[in-house]
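With chain W held as given, fit chain U onto it using these hints.
Each chain, letter by letter, is given below.
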Amino acid sequence: MESVKPILEFKKTCVSYTKQTMAVKYVSAAIERNTITAIMGPSGCGKSTLLRAVNLMHNLYPNIRVDGEILLNNENILSMEPIDVRRRVGMVFQRPAPFPTMSIYDNVLSGYTLNGIRLSRNQKEETVEHCLQSVALWDEVKDVLNKKGTFLSGGQQQRLCIARALAMKPDVLLMDEPTSALDPIATAHIEELMQDLQKEVTILIVTHNMGQAMRISSKSMFMYLGELVEYGNTKDLFSNPKDERTKAYLTGKMG
Amino acid sequence: MNDKLYKILLFVATLTMPIVCGGVMYALVTDAYDAFEHFGFFKFLTSSDWNYTDGSEQYGALPFITGTLMTTLLALIFCIPFSLPVALFVGEYFNGTKIAAILSTVTDLLAGIPSIIYGLWGFYTLRPLIMAFDISPQGSGILTASLVLAIMIVPYAASLSAEFIKMVPNDLKEGAYSLGATHAEVIRKIVFPVAGSGIFSSYILAIGRALGETMTVTMLIGNTNNIPDSITSTGNSMASIIANQFGEADDLRLSSLIAIGLALFLITAIINMIGKIMIKRARIA
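Those protein sequences? They're chains W and U, same order as listed. Each residue of the first sequence is one higher than the one before, counting from 1 in the working numbering. Each residue of the second sequence is one higher than the one before, counting from 1001 in the working numbering.
I should point out that these hints are in silico values taken from the structure, not numbers from a laboratory. Here a beta-carbon is modelled for each residue, glycine too, at the ideal position from N, C-alpha and C. You may find that some hints are simply not true.
Stated by the list, open to error - Pulled from the structure, derived: some chain U residues nowhere near chain W, Cβ distances all over 12 Å:
1) D1034
2) F1042
3) L1045
4) L1103
5) G1112
6) L1120
7) W1121
8) L1126
9) S1136
10) Y1177
11) F1192
12) T1214
13) A1243
14) L1252
15) A1269
16) K1276
Unchecked claim - Reference listing, derived: stretches of chain W covered by chain U, where coverage requires no fewer than 3 residues with Cβ under 8 Å from a Cβ of chain U:
17) 51-61
18) 88-101
The shape of chain W in the complex, shown without the other chains (with noise of 0.2 Å):
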């Protein structure tokens, strides 16, 4: 067990909106690299919160203080530049939102453009090539690449999302119930793809759902009231749960 280095690791992570209360309550947990990860929990639990630590995307707010150790590859996050970490650690939301001003093509490579990174004529049309197969995309879009992103279906917009945060080689992909506002059948193109994914890139994702939890992650974190209460690999999770509050909410008597 020792032998695996996890890619990411939390270490008493604490993340706090006010100077009162606490949203992430000491979180230490190690995360194996090429897995996928589900956070579950309740409404209000700091599940998503512990998410948008990895990317210090709480340094966008002045309010909001995050303590502890995030350890990527053995460096702590939390004294790296935003601006590295992000780039390292890319980022799916809850709601599909591809850049309204851009084409298809140019959402795909906007990590680079926004970044102010040239690519030459070829690593463009290999990188947008390269993204848009491994989210299933390409065979769909690759004679519409000049159209906005915003003119996909809902599903087609989040599988450009997830090929946008791709573009950037992350070695972390953080996903914010990225099925929450999908239709069943968009949702299951997202997690079959995922399962691809994992092979490229660890996964990281918050759901509300626990079937989906089941259906793809290989190791679950169960979170309540900003606590972790357990983190193991997902089916002695669902099978058997070790924490009476973990057994509530999956036969959900919580939630």
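Positioned in the frame of chain W, the structure of chain U alone reads:
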């Protein structure tokens, strides 16, 4: 019964405004008719003579159209470097903070200052400065009027632009940040493009204000009836020539002034309409 009466009252009150607007339009057209008939419509708009000596009367609107366009365009150019930072400060950098609220209130206060006050300030403060720096010998002129006009339209451009900057969805900004963009990059590549048409339309509306501004311009532009040959020379705008001469004018000269008024009315109405349509589109999108 009561309901019906209420409806009729409402209808009559509402109808008054379009009737007044139509009345103004009708009066302008009938009174301007003489000038247009005498000089010809296009000839009147493109002639640069303004001679009211009896017997050799000759009127053309070109110097004033030029004066209006020059002051408005310059005012717009001077206003952008002040209104855009204010809009960004209020709408993005300090959005929702107390300091932004104070700044936007103060900026809005500028819109409430009567134009005669701006005129006085321009005349007694800015004009001597322009003379002291040897920019123009007489102090007044297109440049002086444009500078004050620019200050007057800053609040209109800034507060509306700020509104459109605020409307850029947080989803998009966070999406850009999550890809490693800096604040400046988010503003340049996400906020401006997304709010662009809204910002553009707020400048169109600001232009609409500048076109018809009379008092300040009349006090500062120098009131000469020639086509201005540089930005420091004196001139007259469409509004300022009317304000200057309507009291002493009669017959053909009065009709010519009213014709200029009609042209100004139409230009302003069209600019405002374009601005409003664009704002509507920007809000929907």
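Hint by hint, here is what the structure shows:
1. The Cβ of U/D1034 sits about 52 Å from the closest Cβ of chain W, beyond the 12 Å cut-off, so the non-interface label holds.
2. Even its closest Cβ contact with chain W, about 41 Å, leaves U/F1042 beyond 12 Å, as expected for a residue assigned away from the interface.
3. Even its closest Cβ contact with chain W, about 39 Å, leaves U/L1045 beyond 12 Å, as expected for a residue assigned away from the interface.
4. Every C-beta of chain W lies more than 12 Å from that of U/L1103, the closest at about 18 Å, which supports listing it as non-interface.
5. Once the 12 Å rule is applied to beta carbons, U/G1112 is consistent with being away from chain W; the minimum gap is 33 Å.
6. Remark: the non-interface label on U/L1120 is consistent with the geometry, its nearest Cβ contact in chain W lying 43 Å away (cut-off 12 Å).
7. Even its closest Cβ contact with chain W, about 39 Å, leaves U/W1121 beyond 12 Å, as expected for a residue assigned away from the interface.
8. No beta-carbon of chain W is positioned within 12 Å of the beta-carbon of U/L1126; the least distance is around 40 Å.
9. Distance to chain W confirms U/S1136 as a non-interface residue, since its nearest Cβ pair spans about 43 Å, more than 12 Å.
10. Against chain W, the non-interface label of U/Y1177 is violated: not every CB pair exceeds 12 Å, the least being about 6 Å.
11. A beta-carbon of chain W comes within 12 Å of the beta-carbon of U/F1192; the shortest separation is about 9 Å.
12. A cut-off of 12 Å between C-beta atoms confirms that U/T1214 is not in contact with chain W; the least separation is 39 Å.
13. In this structure U/A1243 is separated from chain W by more than 12 Å, as the shortest Cβ-Cβ distance comes to about 44 Å.
14. For U/L1252, the requirement that its beta carbon stay farther than 12 Å from each beta carbon of chain W is met, with the minimum near 54 Å.
15. Non-interface status of U/A1269 relative to chain W is upheld: no Cβ of that chain comes within 12 Å, the nearest being about 31 Å off.
16. No Cβ of chain W comes within 12 Å of the Cβ of U/K1276; the nearest lies about 22 Å off, and the non-interface call holds.
17. Counting residues of the stretch 51-61 of chain W whose CB lies closer than 8 Å to any CB of chain U gives 3, so the stated coverage by that chain holds, three being the minimum.
18. Residues of the stretch 88-101 of chain W with a Cβ under 8 Å from some Cβ of chain U number 8, which satisfies the need for three, so the listed coverage holds.
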